[in-house]
Amino acid sequence: MKRSGFIASTTVGFTRALSHALMSEEIARQRGLLQALDARVRVIGLFALVVAVTLSRRLAVVLALFVGAAILAVLSKVSLGTLAKRVWLVVLAFTGVIALPAMFVTPGDPIATFAGGLHITTQGLMTAALLIARVETAVTFTTVLILCTPWAHVLKALHSFRLPREVTTMLAMTHRYVFLLVETASQMFESRHSRTVGRLPRAEQRRMVARSAGVLLSKSIDLGNDVYLAMQARGFRGEVRILSDFSMKPRDYAGLLAFLCAGTLAIWMGR
Amino acid sequence: MHIPDGYLSPSTCATLYAGAIAGWYAALKQVRQVLLSRVVPMISVFAAFAFVVMMFNLPLPGGTTGHAIGVTISAIVLGPSGAILAISIALAIQALFFGDGGITTLGANCFNMAIVGSLVAYGSYRLISAGAGISSKRRIVAAAIAGYLAANASAFVAAIEFGVQPLWFHDAAGTPLYAPYPFHVALPAMMIGHLTFAGLAEALISAGLVAYLQVADPRLLQSTSGMAMSTEERAGAYLAASSPRRLWLGVALLMLLTPLGVLAIGKAWSEWSPAEFAAAGSRAQVAAAATMPTATSPAGMQRLTTLWTAPFPAYAPTFVRSATFGYLLSAMFGVGFLLALSLLAQRYLERRRTTRYFP
Amino acid sequence: MALLFELEDVNFEYERIPALRGLSLQIADGESIAVLGANGSGKSTMLRLLDALCFPTQGSVTFGGRPLTAELFHQDGFALSFRRRVALVFQNPDVQLFNPTVFDEVAFGPLQLQWQKHEIVSRVSATLELMKISHLRERSPYRLSGGEKKRVALASVIVLEPEVLLLDEPTSGLDPRSQSQIIDLIQDWKGSSKTVITATNQLEIVEDIASRIVVLEEGRVAANGKPEEILSNQQLLLNANLVHAHRHSHGTYEHSHPHMHSHSKHEH
Numbered sequence: 001m002k003r004s005g006f007i008a009s010t011t012v013g014f015t016r017a018l019s020h021a022l023m024s025e026e027i028a029r030q031r032g033l034l035q036a037l038d039a040r041v042r043v044i045g046l047f048a049l050v051v052a053v054t055l056s057r058r059l060a061v062v063l064a065l066f067v068g069a070a071i072l073a074v075l076s077k078v079s080l081g082t083l084a085k086r087v088w089l090v091v092l093a094f095t096g097v098i099a100l101p102a103m104f105v106t107p108g109d110p111i112a113t114f115a116g117g118l119h120i121t122t123q124g125l126m127t128a129a130l131l132i133a134r135v136e137t138a139v140t141f142t143t144v145l146i147l148c149t150p151w152a153h154v155l156k157a158l159h160s161f162r163l164p165r166e167v168t169t170m171l172a173m174t175h176r177y178v179f180l181l182v183e184t185a186s187q188m189f190e191s192r193h194s195r196t197v198g199r200l201p202r203a204e205q206r207r208m209v210a211r212s213a214g215v216l217l218s219k220s221i222d223l224g225n226d227v228y229l230a231m232q233a234r235g236f237r238g239e240v241r242i243l244s245d246f247s248m249k250p251r252d253y254a255g256l257l258a259f260l261c262a263g264t265l266a267i268w269m270g271r
Numbered sequence: 272m273h274i275p276d277g278y279l280s281p282s283t284c285a286t287l288y289a290g291a292i293a294g295w296y297a298a299l300k301q302v303r304q305v306l307l308s309r310v311v312p313m314i315s316v317f318a319a320f321a322f323v324v325m326m327f328n329l330p331l332p333g334g335t336t337g338h339a340i341g342v343t344i345s346a347i348v349l350g351p352s353g354a355i356l357a358i359s360i361a362l363a364i365q366a367l368f369f370g371d372g373g374i375t376t377l378g379a380n381c382f383n384m385a386i387v388g389s390l391v392a393y394g395s396y397r398l399i400s401a402g403a404g405i406s407s408k409r410r411i412v413a414a415a416i417a418g419y420l421a422a423n424a425s426a427f428v429a430a431i432e433f434g435v436q437p438l439w440f441h442d443a444a445g446t447p448l449y450a451p452y453p454f455h456v457a458l459p460a461m462m463i464g465h466l467t468f469a470g471l472a473e474a475l476i477s478a479g480l481v482a483y484l485q486v487a488d489p490r491l492l493q494s495t496s497g498m499a500m501s502t503e504e505r506a507g508a509y510l511a512a513s514s515p516r517r518l519w520l521g522v523a524l525l526m527l528l529t530p531l532g533v534l535a536i537g538k539a540w541s542e543w544s545p546a547e548f549a550a551a552g553s554r555a556q557v558a559a560a561a562t563m564p565t566a567t568s569p570a571g572m573q574r575l576t577t578l579w580t581a582p583f584p585a586y587a588p589t590f591v592r593s594a595t596f597g598y599l600l601s602a603m604f605g606v607g608f609l610l611a612l613s614l615l616a617q618r619y620l621e622r623r624r625t626t627r628y629f630p
Numbered sequence: 631m632a633l634l635f636e637l638e639d640v641n642f643e644y645e646r647i648p649a650l651r652g653l654s655l656q657i658a659d660g661e662s663i664a665v666l667g668a669n670g671s672g673k674s675t676m677l678r679l680l681d682a683l684c685f686p687t688q689g690s691v692t693f694g695g696r697p698l699t700a701e702l703f704h705q706d707g708f709a710l711s712f713r714r715r716v717a718l719v720f721q722n723p724d725v726q727l728f729n730p731t732v733f734d735e736v737a738f739g740p741l742q743l744q745w746q747k748h749e750i751v752s753r754v755s756a757t758l759e760l761m762k763i764s765h766l767r768e769r770s771p772y773r774l775s776g777g778e779k780k781r782v783a784l785a786s787v788i789v790l791e792p793e794v795l796l797l798d799e800p801t802s803g804l805d806p807r808s809q810s811q812i813i814d815l816i817q818d819w820k821g822s823s824k825t826v827i828t829a830t831n832q833l834e835i836v837e838d839i840a841s842r843i844v845v846l847e848e849g850r851v852a853a854n855g856k857p858e859e860i861l862s863n864q865q866l867l868l869n870a871n872l873v874h875a876h877r878h879s880h881g882t883y884e885h886s887h888p889h890m891h892s893h894s895k896h897e898h
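Top to bottom, those sequences are chains A, B and C.
Here the first sequence is numbered in my numbering, starting from 1 and rising by one per residue.
Here the second sequence is numbered in my numbering, starting from 272 and rising by one per residue.
Here the third sequence is numbered in my numbering, starting from 631 and rising by one per residue.
None of these hints come from the bench; they were simulated from the model.
A portion of the hints provided could be inaccurate.
Stated by the list, open to error - Distance condition first, Cα-Cα at most 20 Å in a straight line; then the derived SDA-like pairs of lysine to any residue:
| # | chain 1 | residue 1 | chain 2 | residue 2 |
| --- | --- | --- | --- | --- |
| 1 | A | Lys219 | B | Ala487 |
| 2 | C | Lys747 | A | Ile242 |
| 3 | B | Lys408 | A | Ala210 |
| 4 | B | Lys300 | A | Thr168 |
| 5 | A | Lys219 | A | Phe179 |
| 6 | C | Lys747 | A | Phe246 |
| 7 | B | Lys300 | A | Leu163 |
| 8 | B | Lys300 | A | Pro164 |
| 9 | C | Lys820 | C | Lys856 |
| 10 | B | Lys300 | A | Glu239 |
| 11 | C | Lys820 | C | His765 |
| 12 | A | Lys219 | C | Gln721 |
To be verified - If we take Cβ atoms under 7 Å as the criterion, some of the chain B residues that face chain A in the derived model are:
| # | residue |
| --- | --- |
| 13 | Ala285 |
| 14 | Ala289 |
| 15 | Arg309 |
| 16 | Pro451 |
Claimed, not checked - So, partial list: chain C residues that the calculated Cβ filter (under 7 Å) puts toward chain A:
| # | residue |
| --- | --- |
| 17 | Leu683 |
| 18 | Phe720 |
| 19 | Asp724 |
| 20 | Gln726 |
| 21 | Pro730 |
| 22 | Phe738 |
| 23 | Gly739 |
| 24 | Tyr772 |
| 25 | Leu774 |
| 26 | His887 |
Even for Gly, the Cβ is constructed at its ideal location relative to N, Cα and C.
Let's have the full structure, built from the sequences with the hints guiding it.
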């Protein structure tokens with residue numbers, strides 16, 4: 001176990017979160033295919049495609065959708081390298097590990113036998129492939145949506161679909177404060193990391209985490225109280241109001257049609 | 272565990288979304304009764320806090336690490352409704368913004384962690400800490416146990432969701448279309464990880480935070496302490512100290528009805544037809560993989576199990592009518608029944624005490 | 631000048647710890663006041679009371695002759711009008727930046743006051759221009775520097791064109807350039823008809839931003855007068871923990887006497 005390994009790994013998680021957000025802002029500013037469409041169309045369209053992925057029962061269709069997702073990404077200025085590094089490999093590692101035993105465990109027609117009576121069945125291969133393909137494709141669609149759309153627009157799109165106002169506000173506030181808390185937490189951890197000489201005994205590590213969590217909780221609650229006051233100070237009386245600015249242009253209708261057709265086709269062919 | 276897209280069939284996702292929406296609706300309604308505007312920033316902040324907690328890699332006894340959820344401390348400070356909303360929001364942001372968990376499975380994740388988690392955490396915390404002073408050690412223990420139970424309850428429900436997949440959602444050749452592991456693999460796989468790592472992590476964080484709050488800001492532990500609060504304390508609390516019994520009853524009902532719901536869905540959505548199982552060979556193999564046949568079982572249990580499995584059409588494959596499956600559903604029914612009993616008992620006991628709440 | 635605010639024997643407790651004890655003060659319309667006090671002297675609490683974000687446990691806070699009470703704020707009409715006329719800028723800008731983008735943040739106030747959409751858009755744009763943050767329009771708050779955050783926070787309140795500005799340590803933690811920008815702004819307001827009350831413990835800027843100084847010590851007014859009087863009263867400043875005395879050196883000569891924290895400023 002590395003010296004204070006858990007601090008390092010937690011800090012890595014924090015940095016990943018921040019860099020993901022920053023990248024998203026960069027890409028959302030570019031002029032790509034998705035960026036040209038109304039945010040609502042993007043949200044509906046990409047959600048529809050994720051649903052299509054889940055509904056399709058044929059591997060071929062899921063793979064076709066995957067290719068579609070990759071093309072959409074490239075046309076929207078999301079590089080395949082970025083996707084591979086941030087999404088595809090990660091999913092492969094996680095779901096791959098989960099899917100691997102299925103090749104051996106699923107009953108059916110064996111196509112390869114190993115020592116000790118272990119065999120791989122067609123069904124096993126197919127189920128593992130299907131699972132991995134589905135997860136990869138779905139996550140690609142969601143990631144591309146988020147990389148190309150500012151979070152505020154995603155929320156406003158959801159709000160226009162009748163998501164309760166308070167929920168939209170809470171999603172917005174939470175997102176904003178996640179970064180503040182992540183920064184605070186990572187600063188606390190970094191200062192600990194640099195001050196720790198040699199390995200901390202496990203019990204001491206646990207105490208440290210509990211204390212950091214406690215301090216973070218206190219700060220969070222104070223923040224919550226103060227934000228409420230700040231909202232009141234500017235006239236908030238309990239009813240959330242949101243300013244939204246969407247208008248559909250012809251190309252948005254075209255885009256919507258394209259998405260829905262693609263989704264329907266995929267569902268029909270994959271039934 | 273955050274379930275990604277593709278692990279659960281569309282019908283499973285839809286059912287769990289329905290369950291989640293019911294939970295969200297009930298939680299929102301209860302929170303609106305208090306001062307929603309005031310609670311909006313607080314829930315947001317707790318959601319952000321839970322989000323960060325889920326990223327903490329906690330060092331556990333034995334040299335391992337685990338991740339907590341933060342649902343227990345949220346339930347202890349905000350009450351079950353606030354916790355349901357806070358954790359759901361954290362999960363939504365993780366799924367939407369960071370790709371951690373799927374969007375078709377967001378309903379399932381929220382149901383497992385936010386709803387079942389909050390209710391189990393809150394209920395067990397209240398039960399175990401009943402009557403203890405705000406600074407009592409018993410509250411810390413209660414938080415630890417509540418955290419452990421909540422994490423494992425979430426995992427258990429998820430395991431059931433996984434286990435059901437290969438049972439019903441496969442193609443003609445017997446290929447599972449979604450999560451590929453039957454009950455006897457999925458259950459231990461999920462539960463072992465949570466009974467050890469994740470459960471302990473959640474227990475540790477919850478206990479640690481309650482101990483911290485007892486010193487730093489005991490007022491935050493007031494609204495869920497079950498103690499009388501003065502009018503000004505109640506005005507300052509984040510959630511009215513009203514009984515969450517209705518929500519609990521809802522859960523008990525849900526668990527009681529789940530076996531029936533599962534059956535109904537199975538009948539309505541089942542993708543199989545008699546022709547697909549004409550190949551006796553593959554049918555037997557699938558059956559063998561999914562069952563752990565037991566030689567004998569108590570007569571009463573037998574009757575109960577056949578109660579669930581009988582409604583299936585005669586041509587349904589044998590494994591659906593297996594004893595294991597029946598046991599599982601009976602277990603769910605049993606837990607739901609016990610829950611309902613304990614709620615009624617609580618209500619009876621509370622009625623006997625003098626009124627504790629100021630109007 | 632007309633009396634705008636009157637605090638009479640105000641007591642305020644926060645979790646049973648007294649923050650203000652018997653504070654009495656009068657503020658006239660159009661004045662520029664600096665409230666000096668060490669941390670914990672009650673400055674922030676006083677500003678929040680003036681903004682009716684909390685109410686005294688004893689005593690009264692009157693605005694234009696009307697005592698500010700919780701019941702009064704239940705009425706939409708009065709509440710919305712007060713919120714537009716009196717603005718508070720918090721010490722921690724993160725508390726005031728809770729919207730997804732800078733534009734949304736500045737638009738929050740007007741939205742709550744239910745202005746028309748086109749008016750909101752044009753006023754917000756104008757305010758962003760004024761504060762020189764138009765280029766930050768679509769940015770998220772967590773991406774901003776300390777100085778930028780402060781300017782957005784200021785923009786979010788001045789978009790409403792308030793008559794009273796309550797500023798809680800507006801220059802703390804800022805780099806020199808951002809500090810001077812804020813001071814310039816306050817000086818502009820000082821010359822206008824706005825009432826500006828600035829809480830600070832930075833003695834160097836006080837003369838630039840105020841024509842009257844109020845010194846708080848342990849929750850009550852310790853002194854109240856013109857800058858020249860207050861700033862020359864070393865004993866008072868020492869008692870109020872606004873200056874310190876420790877041994878320091880000028881070249882090879884060493885001595886000790888009360889002085890402000892920015893050691894560069896004092897001369898002999």
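Hint check:
{"no.": "1", "hint": "A:Lys219 <-> B:Ala487", "result": "11 Å, holds"}
{"no.": "2", "hint": "C:Lys747 <-> A:Ile242", "result": "11 Å, holds"}
{"no.": "3", "hint": "B:Lys408 <-> A:Ala210", "result": "16 Å, holds"}
{"no.": "4", "hint": "B:Lys300 <-> A:Thr168", "result": "16 Å, holds"}
{"no.": "5", "hint": "A:Lys219 <-> A:Phe179", "result": "14 Å, holds"}
{"no.": "6", "hint": "C:Lys747 <-> A:Phe246", "result": "13 Å, holds"}
{"no.": "7", "hint": "B:Lys300 <-> A:Leu163", "result": "15 Å, holds"}
{"no.": "8", "hint": "B:Lys300 <-> A:Pro164", "result": "12 Å, holds"}
{"no.": "9", "hint": "C:Lys820 <-> C:Lys856", "result": "15 Å, holds"}
{"no.": "10", "hint": "B:Lys300 <-> A:Glu239", "result": "15 Å, holds"}
{"no.": "11", "hint": "C:Lys820 <-> C:His765", "result": "28 Å, violated"}
{"no.": "12", "hint": "A:Lys219 <-> C:Gln721", "result": "15 Å, holds"}
{"no.": "13", "hint": "Ala285", "result": "10 Å, violated"}
{"no.": "14", "hint": "Ala289", "result": "16 Å, violated"}
{"no.": "15", "hint": "Arg309", "result": "6 Å, holds"}
{"no.": "16", "hint": "Pro451", "result": "4 Å, holds"}
{"no.": "17", "hint": "Leu683", "result": "5 Å, holds"}
{"no.": "18", "hint": "Phe720", "result": "6 Å, holds"}
{"no.": "19", "hint": "Asp724", "result": "6 Å, holds"}
{"no.": "20", "hint": "Gln726", "result": "5 Å, holds"}
{"no.": "21", "hint": "Pro730", "result": "4 Å, holds"}
{"no.": "22", "hint": "Phe738", "result": "6 Å, holds"}
{"no.": "23", "hint": "Gly739", "result": "4 Å, holds"}
{"no.": "24", "hint": "Tyr772", "result": "4 Å, holds"}
{"no.": "25", "hint": "Leu774", "result": "11 Å, violated"}
{"no.": "26", "hint": "His887", "result": "36 Å, violated"}
Hints 11, 13, 14, 25 and 26, counting from the list given before, are not met by this structure.
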